[in-house]
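Each chain is listed here by its residues.
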Amino acid sequence: MRLFICDCRGSMKLPKIDLGTDVKIEYHSNLCTDRPQIAPDEKVVIAGCSPNLLEGIFPDVNAEFVNILEHVSLIGHPPEKAAQLISAAVAKMNVTIPVEAKVFDIKEKSVLVIGGGVAGIEVATQLSRCGVQVTLVEKSPFLGGTVAKLDRLYPEGTPHSHTLMPLVNGLYSQKNAVQLCNTEVTSVTGRVGNYRIGLKTKPRGVQECINCGKCVDVCPVEVSDDGKTRKAIYYIPTFPDKYAIDFETCTKCGECVKVCPGKIVLDEKTKETEVGAGAVVVATGLHWYDVSKVEEYGYGRLEGVMKTLEFERAVASGALHPKKVAIVYCAGSRDSKHLPYCSKICCLLGLKEAKLVTDRFPDTEVYVIAMDMRSYGTFEYLYNTLRSKGVSFIKGKPSEISRRNGKLTVRTEDLYTNELLEIEVDNVVLSCGFTADTETFGKLKIKIDTDFPVLFENAGLGTAELPRGIFTAGAATFPSGVAETLIDARKASFSVLNLLQQDKIEKRLPQARVDEDQCSICRMCIGTCPYGAISIADDKIKVNEELCMGCGICSVTCPSYASQLETWNEKGLSKQIRSLAQKGDILALLCKWSAYNATERAAYDRLTYPKNVKIIRVPCSGAVDPSHIMLALTKEVKGVLIGGCYPHACHYARGNFRARAREQILRLNLDLLGMDTSKIRLEWIGKDEGRKFTEIVREMSK
Amino acid sequence: MIDLKLSDPHFKWEIMKKEGGEGLLKCFGCSDCAASCPVRYFDERYNPRKIIRLTLLGMKEMVLSSPFLWFCAHCHACTERCPQGIKVAELINAIKNYAVEKGYCPEGYKMQLELLMKMGRLYEVEDFDLKKRQRLGLPPIDKTIPDVAKIIESTHILKVLKK
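Each protein sequence line maps, in turn, to chains Y and U. Going by my numbering, the first sequence runs without a break in its numbering and finishes at 2078. Going by my numbering, the second sequence runs without a break in its numbering and finishes at 657.
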């Protein structure tokens, strides 16, 4: 093994180190500029300045970094401490599993876009313009998604065709794009750069069409489609430019076949195909919350209570002319029993409906009942406009909607006047929130919380760190308006291009490895992984290389030490602690994202702490094994500090919460054994909180 | 309890037409006016926000018959602070004017008007007051100011009150 020691341009006093003949020591004073030659499979220990800096200088090296600058020299600790830290690192490095670079070939240069709404259309157009082969898959018979169903778009109230038609036309003029309507994704296999996607295309019924509309006149089946009544054979003025049969309601009476001058086939079969893609874009758009679950509002039970989309379509089609309307906001949103989050756009949708109905029928009285009006950004002017139009705003959340004396009655407390209030109206419009598309994300094996935001996208990682080749665009990530959706779609297209222009991508993160001989298939790691990277196949635990981020939470959860993290395995850490911990020491196991950086901050600020504080860098506070704490305690240390990120700020989603749970259980156990629990301390230390760190360790050493 | 069956949808538009009432619809209920109001230090029942919001809901009877409508001291602190630029004191004035038109004038105001018509003053000047002024070396003042009655007549307030 080679050991590099850098004295930072001669600023450090180095100790005498003798680690036997196996370790070859090389002294440097400018490691940051004079990079020595190190083979990729070589194990090395580099002692010098901050590992955050050295990791950037030696990204492709299997190295253990020892921070002798910030942890020894800068804070005035004796050089002997540096010698201890180095020999502990050498002891650890001897038994660690080296990081293996994972290489993913980008074989397929084509893209699959799921969802043919504005986001999907925009992604497909942008990519095909850049010469990428795109397959666009849409579940319904027509492109356009939610936007095609709307009458107009907020804030200006422009017709949807204003925005949608140029987008659709832009896509149809592309040679590289294939649009498959009536098609669903059935299965997804493979990995980044080489996905195989199973598709199922349902029959359209209408094969040749001249848009004469005779079929609609003779069709006997009437269907209510989001507030608008249509026949079982119908047309939406987007693309493809032909009629379609809704086979879920069609009775196959054959009337349309008789009058059709083109060709209608009623007994077409479902087609199953398979396509390849290097990347997948999820653009599945908005999914309305099932607002009938909010029982007190009576959706589906009381006639006249409708969702925003239904109301908009009913008013626009002329089927509805209410004299008095109440628009109820946050129906099921910001509610711990339903959707705990704010869906962001429903306030604006509600305002749009108010504008739609007052524009069309100026005599209609409109009451908007809202807890808060979140007309964010420049949309405030839409709210201002509606107030000036005389729409009445009531602050509060209705307790119930009921039918009394034949009239819909909304009961609420108006917080503007602090008075109880009852309104009788013709129609109640529920502005309800949106849910995540768990079905599609489930098919892609992406672990998302049952609600928004989609953790996957929220991690803000590039393709090198999270090489999935799966991107989200538009409202599939989180509900958004049309303008925001288009911007997001363009950003997603850029990320896709970025991925596809590479022939291969390399990922060099420590990864969990499962030893099959030791694994008892207890499945505990499957549930604990924050990324859903662990799965079970053929009675074997498999770690998905694309998904594993190297947090080490699974290795600590594993009861038989079968799952081990590269560079941070159980054996290595044990060796390091055994070598480092001495009687009376304070051992600090600090998260490399936050608390470890705080120690460096303390050094820059010249905040000193006792020299018996020994710092060990761990990937996450959730990767600290209780057995390591116990090991330190048997070495008669004075205290063990575990430092992690603040709650909800964990780099690996929930690692610090795992650490907290483990710490509490360990305390209980120590208490049962009659041992001193005050020696263990778990603290949240932010990356700049050097002062907090020094205060804690000073307190512990008293 | 507000029963919106009793609400008059034209009420807010009528206030909007009155001088000073133009800003009414801009209100978004932030309650800055109520927080700024010095009258509230003495009587918390007075709340300009509530008057405005009830007007917006068209609760005509509730607003006009409320005694608190007349508590405004016209300090204009609310006007200075309103984030929507509503001249709140002017707006309250507009509602007061509307109330008088509809016969909701409080008796005290009517009595004050009578005094002004009679003497041109609210405080009657007697011989005792004149003697006191003389002792202090101040010139005497008129017991009545007839011009005030002329000004009042030119405002047509008497005709409005008679209606």
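In short, the hints are calculated from the structure, not lab data. Each residue gets a CB set at the ideal place from its N, CA and C atoms; glycine is no exception. Incorrect hints may have been included.
[To be verified] With a straight-line cut-off of 27 Å between C-alpha atoms, the simulated DSSO-like cross-links for lysine-lysine are:
#, chain 1, residue 1, chain 2, residue 2
1, Y, Lys-1773, Y, Lys-1515
2, U, Lys-520, Y, Lys-1773
3, Y, Lys-1699, U, Lys-581
4, Y, Lys-1765, U, Lys-637
5, U, Lys-506, Y, Lys-1783
6, Y, Lys-1457, Y, Lys-1951
7, U, Lys-506, Y, Lys-1699
8, Y, Lys-1485, Y, Lys-1419
9, Y, Lys-1700, U, Lys-637
10, Y, Lys-1485, Y, Lys-1783
11, Y, Lys-1783, U, Lys-499
12, Y, Lys-1699, U, Lys-653
13, U, Lys-512, Y, Lys-1773
14, Y, Lys-1765, U, Lys-512
15, Y, Lys-1916, Y, Lys-1959
16, Y, Lys-1773, Y, Lys-1783
17, Y, Lys-1951, Y, Lys-1867
18, Y, Lys-1700, U, Lys-511
19, Y, Lys-1765, U, Lys-511
20, Y, Lys-1618, Y, Lys-1576
21, Y, Lys-1628, Y, Lys-1618
22, Y, Lys-1392, U, Lys-512
23, U, Lys-520, Y, Lys-1720
24, Y, Lys-1765, U, Lys-596
25, U, Lys-506, Y, Lys-1773
26, Y, Lys-1699, U, Lys-590
27, U, Lys-506, U, Lys-653
28, U, Lys-581, U, Lys-511
29, Y, Lys-1765, Y, Lys-1647
30, U, Lys-520, Y, Lys-1700
31, U, Lys-590, Y, Lys-1765
32, Y, Lys-1700, U, Lys-499
33, U, Lys-653, Y, Lys-1765
34, Y, Lys-1485, U, Lys-590
35, Y, Lys-1634, Y, Lys-1618
[Unchecked claim] Negatives, chain Y to chain U, calculated, CB over 12 Å:
#, residue
36, Lys-1515
37, Lys-1645
38, Gly-1753
39, Tyr-1792
40, Thr-1793
Results for each hint:
1. Proximity of Lys-1773 of chain Y to Lys-1515 of chain Y is assessed by CA-CA distance (about 36 Å); at most 27 Å being required, the pair is judged violated.
2. For the given pair, Lys-520 of chain U sits about 22 Å from Lys-1773 of chain Y by alpha-carbon distance, which is consistent with the 27 Å threshold.
3. With a C-alpha separation of about 32 Å, the suggested pairing of Lys-1699 of chain Y with Lys-581 of chain U is violated against the 27 Å cut-off.
4. Among the hinted pairs, Lys-1765 of chain Y with Lys-637 of chain U is inconsistent with the structure: their alpha-carbon atoms are about 53 Å apart, more than 27 Å.
5. Between Lys-506 of chain U and Lys-1783 of chain Y, the direct Cα distance comes to roughly 25 Å. Compliance with the 27 Å bound is thereby established for this hinted pair.
6. Note on Lys-1457 of chain Y and Lys-1951 of chain Y: the hinted pairing holds, with a Cα-Cα distance of about 17 Å set against a maximum of 27 Å.
7. Among the hinted pairs, Lys-506 of chain U with Lys-1699 of chain Y is consistent with the structure: their alpha-carbon atoms are about 18 Å apart, no more than 27 Å.
8. The straight-line distance between the Cα atoms of Lys-1485 of chain Y and Lys-1419 of chain Y is roughly 37 Å, outside the 27 Å bound, and the hint therefore fails.
9. Distance restraint check for Lys-1700 of chain Y and Lys-637 of chain U: the Cα-Cα separation of roughly 60 Å exceeds the 27 Å cut-off, and the hinted pair is therefore not satisfied.
10. In summary, the hint linking Lys-1485 of chain Y to Lys-1783 of chain Y is not supported, as the alpha carbons are separated by about 60 Å, beyond the 27 Å threshold.
11. Between Lys-1783 of chain Y and Lys-499 of chain U the alpha-carbon distance is near 12 Å, which keeps this suggested pair within the 27 Å criterion.
12. The straight-line distance between the Cα atoms of Lys-1699 of chain Y and Lys-653 of chain U is roughly 38 Å, outside the 27 Å bound, and the hint therefore fails.
13. Pair hint Lys-512 of chain U plus Lys-1773 of chain Y does not hold up; C-alpha atoms about 33 Å apart against a cutoff of 27 Å.
14. Under the criterion of a C-alpha separation no larger than 27 Å, the hint pairing Lys-1765 of chain Y with Lys-512 of chain U is consistent with the structure, at around 17 Å.
15. Simply put, Lys-1916 of chain Y and Lys-1959 of chain Y have alpha-carbon atoms about 43 Å apart, too far for the 27 Å limit, and the pair is violated.
16. For the suggested pair Lys-1773 of chain Y and Lys-1783 of chain Y, the alpha carbons sit about 20 Å apart, so the restraint of at most 27 Å is met.
17. Note on Lys-1951 of chain Y and Lys-1867 of chain Y: the hinted pairing is violated, with a Cα-Cα distance of about 47 Å set against a maximum of 27 Å.
18. For the given pair, Lys-1700 of chain Y sits about 24 Å from Lys-511 of chain U by alpha-carbon distance, which is consistent with the 27 Å threshold.
19. Of the supplied pair hints, the one linking Lys-1765 of chain Y and Lys-511 of chain U holds, its CA atoms being roughly 14 Å apart against a limit of 27 Å.
20. For the hint pairing Lys-1618 of chain Y with Lys-1576 of chain Y, the CA-to-CA distance comes to about 20 Å; that is within 27 Å, so the pair holds.
21. Between Lys-1628 of chain Y and Lys-1618 of chain Y the alpha-carbon distance is near 19 Å, which keeps this suggested pair within the 27 Å criterion.
22. Under the criterion of a C-alpha separation no larger than 27 Å, the hint pairing Lys-1392 of chain Y with Lys-512 of chain U is inconsistent with the structure, at around 92 Å.
23. A distance of roughly 23 Å separates the Cα atoms of Lys-520 of chain U and Lys-1720 of chain Y; the hinted pair therefore holds under the 27 Å criterion.
24. Between Lys-1765 of chain Y and Lys-596 of chain U the CA atoms are separated by roughly 26 Å; this keeps the pair inside 27 Å, and the hint holds.
25. A threshold of 27 Å between alpha carbons decides the hint, and for Lys-506 of chain U with Lys-1773 of chain Y the separation of about 24 Å falls inside it, so the pair holds.
26. A hinted pair counts as satisfied when its Cα atoms are at most 27 Å apart, and Lys-1699 of chain Y with Lys-590 of chain U does not qualify at roughly 31 Å.
27. For the hint pairing Lys-506 of chain U with Lys-653 of chain U, the CA-to-CA distance comes to about 24 Å; that is within 27 Å, so the pair holds.
28. As the CA atoms of Lys-581 of chain U and Lys-511 of chain U are separated by approximately 14 Å, the hinted pair is consistent with the 27 Å bound.
29. Using a Cα cut-off of 27 Å, the hinted pair Lys-1765 of chain Y and Lys-1647 of chain Y is violated, with the two alpha carbons roughly 53 Å apart.
30. For the proposed pair Lys-520 of chain U and Lys-1700 of chain Y, the alpha carbon gap of about 22 Å is at most 27 Å, so the pair holds.
31. A distance of roughly 24 Å separates the Cα atoms of Lys-590 of chain U and Lys-1765 of chain Y; the hinted pair therefore holds under the 27 Å criterion.
32. Among the hinted pairs, Lys-1700 of chain Y with Lys-499 of chain U is consistent with the structure: their alpha-carbon atoms are about 11 Å apart, no more than 27 Å.
33. Annotation: proposed proximity of Lys-653 of chain U to Lys-1765 of chain Y is violated, straight-line Cα distance about 34 Å (limit 27 Å).
34. Between the alpha carbons of Lys-1485 of chain Y and Lys-590 of chain U the distance comes to roughly 74 Å, so the proposed pair goes past 27 Å and is violated.
35. Restraint check for Lys-1634 of chain Y and Lys-1618 of chain Y: the C-alpha separation of about 17 Å stays at or below 27 Å, so the hint holds.
36. Consistency note on Lys-1515 of chain Y: stated as away from chain U, and its beta-carbon is indeed over 12 Å from all of that chain's, at 41 Å minimum.
37. The claim that Lys-1645 of chain Y lies off the interface holds: its Cβ sits roughly 58 Å from the closest Cβ of chain U, which is beyond the 12 Å cut-off.
38. Remark: the non-interface label on Gly-1753 of chain Y is consistent with the geometry, its nearest Cβ contact in chain U lying 16 Å away (cut-off 12 Å).
39. Not every CB of chain U is more than 12 Å from the CB of Tyr-1792 of chain Y (nearest about 4 Å), against its label as outside the interface.
40. Not every beta carbon of chain U lies more than 12 Å from that of Thr-1793 of chain Y, the smallest distance being close to 5 Å; the non-interface claim is violated.
Going through the hint list in order, the structure does not satisfy hints 1, 3, 4, 8, 9, 10, 12, 13, 15, 17, 22, 26, 29, 33, 34, 39 and 40.
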